[in-house]
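In the order they appear, the protein sequences are chains A and B. Quick note: the first sequence, position 46, residue 46 per the working numbering, numbers continuous. Quick note: the second sequence, position 57, residue 57 per the working numbering, numbers continuous.
Hint data in this document are derived by calculation from the structure and do not stem from the laboratory. Treat the hints with care, since some could be wrong.
[As the list claims (entries may be wrong)] Where chain B lies over chain A, by a calculated footprint (3+ residues, C-beta under 8 Å): (1) 21 to 28; (2) 31 to 38; (3) 125 to 135; (4) 149 to 157.
[Said to hold, decoys possible] Here are the in silico distance ranges between beta carbons for each label pair: (5) Thr75(B) / Leu24(A): 55 to 63 Å; (6) Leu19(B) / Pro49(A): 42 to 50 Å; (7) Tyr51(A) / Leu19(B): 49 to 57 Å; (8) Ala119(A) / Ile29(B): 32 to 40 Å; (9) Asn124(B) / Ile21(A): 54 to 62 Å; (10) Ile27(B) / Arg95(A): 50 to 58 Å; (11) Asn124(B) / Lys56(A): 26 to 34 Å; (12) Thr22(A) / Asn101(B): 50 to 58 Å; (13) Leu24(A) / Ser151(B): 39 to 47 Å; (14) Ala92(A) / Ala119(B): 39 to 47 Å; (15) Asn101(B) / Thr85(A): 30 to 38 Å; (16) Tyr39(A) / Leu127(B): 33 to 41 Å; (17) Lys122(B) / Gln111(A): 32 to 40 Å; (18) Lys56(A) / Thr34(B): 21 to 29 Å.
[As the list claims (entries may be wrong)] Okay, derived cross-link-like pairs now, DSS-like style, lysine-lysine, Cα gap no bigger than 25 Å in a straight line: (19) Lys68(B) / Lys96(B); (20) Lys147(B) / Lys96(B); (21) Lys148(B) / Lys128(A); (22) Lys100(A) / Lys115(A); (23) Lys75(A) / Lys128(A); (24) Lys128(A) / Lys141(B); (25) Lys147(B) / Lys121(B); (26) Lys148(B) / Lys122(B); (27) Lys141(B) / Lys96(B); (28) Lys148(B) / Lys121(B); (29) Lys148(B) / Lys56(A); (30) Lys141(B) / Lys75(A); (31) Lys147(B) / Lys128(A); (32) Lys68(B) / Lys122(B); (33) Lys68(B) / Lys147(B); (34) Lys100(A) / Lys128(A); (35) Lys141(B) / Lys56(A); (36) Lys56(A) / Lys147(B).
Bear in mind that the values here come from a model prediction, so they are computed numbers and not experimental data. All C-beta atoms in this analysis are idealised placements derived from N, C-alpha and C, irrespective of residue type, glycine included.
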Amino acid sequence: MSSKKVSFGSLAPKKPERLNITSLMDILTIILIFLLVNYSDVVEEVPLPDYIILPKVQIKSVGKAITGITLIVGKDRWAFDKGETIAFNSFASQREEVMKRAAQGLERIKQEYEKDGKAIELMILADKDVPYKMIDSVVLTAAGVGITAINFVSMRQDI
Amino acid sequence: MKKRVKFQKPDQDEGDLMLPFMSLLLIIIPVLITNVAFYHFKALSVNIPGLSKSEEKPEEAVKPDKEKSYVLQLTISEASLDLELIDEDSGESLQKETAANNESAAETIWRKVIEFRTAHKKLNSMLVSVEPNVTYERMVKILEQCKKPDSAALITEELLLVLMPKGDEENNELEKS
Chain A
1 MSSKKVSFGS
11 LAPKKPERLN
21 ITSLMDILTI
31 ILIFLLVNYS
41 DVVEEVPLPD
51 YIILPKVQIK
61 SVGKAITGIT
71 LIVGKDRWAF
81 DKGETIAFNS
91 FASQREEVMK
101 RAAQGLERIK
111 QEYEKDGKAI
121 ELMILADKDV
131 PYKMIDSVVL
141 TAAGVGITAI
151 NFVSMRQDI
Chain B
1 MKKRVKFQKP
11 DQDEGDLMLP
21 FMSLLLIIIP
31 VLITNVAFYH
41 FKALSVNIPG
51 LSKSEEKPEE
61 AVKPDKEKSY
71 VLQLTISEAS
81 LDLELIDEDS
91 GESLQKETAA
101 NNESAAETIW
111 RKVIEFRTAH
121 KKLNSMLVSV
131 EPNVTYERMV
141 KILEQCKKPD
151 SAALITEELL
161 LVLMPKGDEE
171 NNELEKS
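I would like the entire structure built from these sequences, with the hints used as guidance.
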C-alpha cells in the first residue's frame, strides 16, 4: 500500500496580505471634491414642488439663502411654504378671490414672523412660464399687507 | 568617485502612513454630506415705489446744490427692451436705447446701463416696468443681467431695482393693445 504524501504547503506561514488603499484614496478624494463644490453653509429648507420649474440664471455671485416668507407661484395654484394652497382654474376670472386669500395667508404668516422677530421678506418662487401679470398680482398683494422687500428666486447655474 | 545617494525605505508600511489621512477623510465626508446642496437658489431683490424703506427719504435732502439727478427706466416687453435716461426734475427723456428681443438684448442693455452709470456716478437705481405677457424667466434673466456691477468700469455696486406694479386694469389695457 502506497502512502499518500500530504502537502502542508498551504499551512506554511504566508507573507501577510497588504491592503492596497490607493484606489480607495482616489475614490475618497473624488467624493471630497464633489462635496466641497456642492457645499452650502445654509441648508436650503424649501422643498421644490414638481408643479413649478424655476428659471436657470447663469451668475457668478453667491446664492442668497431662502429665509423669508415663501410663496410658490404655479400656473394653476399659489402655495405658501407653510402648507396653505390656493388653487384656481382661471386666474383672470378668479383673480380677486385668489388675491384676497393670499393676502389673508400673508398677513397670518407675517404676524408669526413678527412674533419671532424675523425679517419680513417675500420670496417668490414662480414657474418660468408664468406671465408677469400674475407676478404683478403677487407684488400688489404683498404691498397691500405691508411687505416691501420682495425677492424673485431662480436657480443658480454656475458659469 | 561619485557618491550615490541612497533613499531609505520608510520603516512603516504605506498603509500605516495613510491611516491618519483616511481617518480625517472619514470625519470630513459625513460633515460635508449633511451640508451638501443639490440645487442653489439665487434671489433677486426688488423694491416697490413708495413703500420700500429706501423710498421713504424726504426728497429735499437729495439735492441741496441743485445738482441734476437722473433716473433710468427699463421697459421689458415681448418684442424689445427699452432703456431710457430720464431727467428726474422735468421727467424729460434724455436718451433712449432699444434692443430687439434676441439673446444678446440683455447684454446690450447692461452695457448701456454701465455707460450711463459711468457718466452719472449718482445713478444707482432703475425703474422697471414689465408688460403683462412677459414670462417670469425672461424678466428674471434680464433683471439679473442689468443689476450686475462692472469692476472694469469701476462700478462696484449692484443697481437698485424699483419694480412698478401695474394692477389689473393697466395689465388688461396693455394686453388689448
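Check your understanding: Is the distance from the Cβ of Lys56(A) to the Cβ of Thr34(B) consistent with 21 to 29 Å?
Key -> This hint holds: roughly 26 Å between Cβ atoms.
Review point. Do Lys122(B) and Gln111(A) keep their Cβ atoms within the hinted range of 32 to 40 Å?
Key: Since the Cβ atoms of Lys122(B) and Gln111(A) sit about 39 Å apart, the hinted range of 32 to 40 Å holds.
Exercise for review: Verify the proposed pairing of Lys68(B) with Lys147(B), using a straight-line Cα cut of 25 Å.
Suggested key: Given pair Lys68(B), Lys147(B) holds - Cα atoms ~23 Å apart, limit 25 Å.
Practice item. Quickly compare the C-alpha distance for Lys148(B) and Lys128(A) to 25 Å and report which way the hint goes. Key: holds, 21 Å
Check your understanding: When you take the CB atoms of Ala92(A) and Ala119(B), is the distance between them in 39 to 47 Å?
Key -> holds, 43 Å
Point to revise | Verdict for Leu19(B), Pro49(A) (Cβ pair) under range 42 to 50 Å | key: Hint holds: Cβ distance 46 Å, inside 42 to 50 Å.
Review point. Does the Cβ distance between Tyr39(A) and Leu127(B) fall inside 33 to 41 Å?
Key: holds, 38 Å
Review point. Are Leu24(A) and Ser151(B) spaced within 39 to 47 Å by their CB atoms?
Key: holds, 44 Å
Review point. Are the Cα positions of Lys148(B) and Lys122(B) separated by 25 Å at most?
Key: holds, 16 Å
Check your understanding: Lys56(A) and Lys147(B): Cα distance at most 25 Å?
Key -> holds, 16 Å
**Study point:** 25 Å limit on alpha-carbon distance, applied to hinted pair Lys141(B) and Lys56(A)
**Key:** holds, 8 Å
Check your understanding: Cβ-Cβ distance between Asn124(B) and Lys56(A): within 26 to 34 Å?
Key -> With Cβ atoms ~28 Å apart, the hint holds.
Violated hints are absent here; each numbered hint is respected by the structure.
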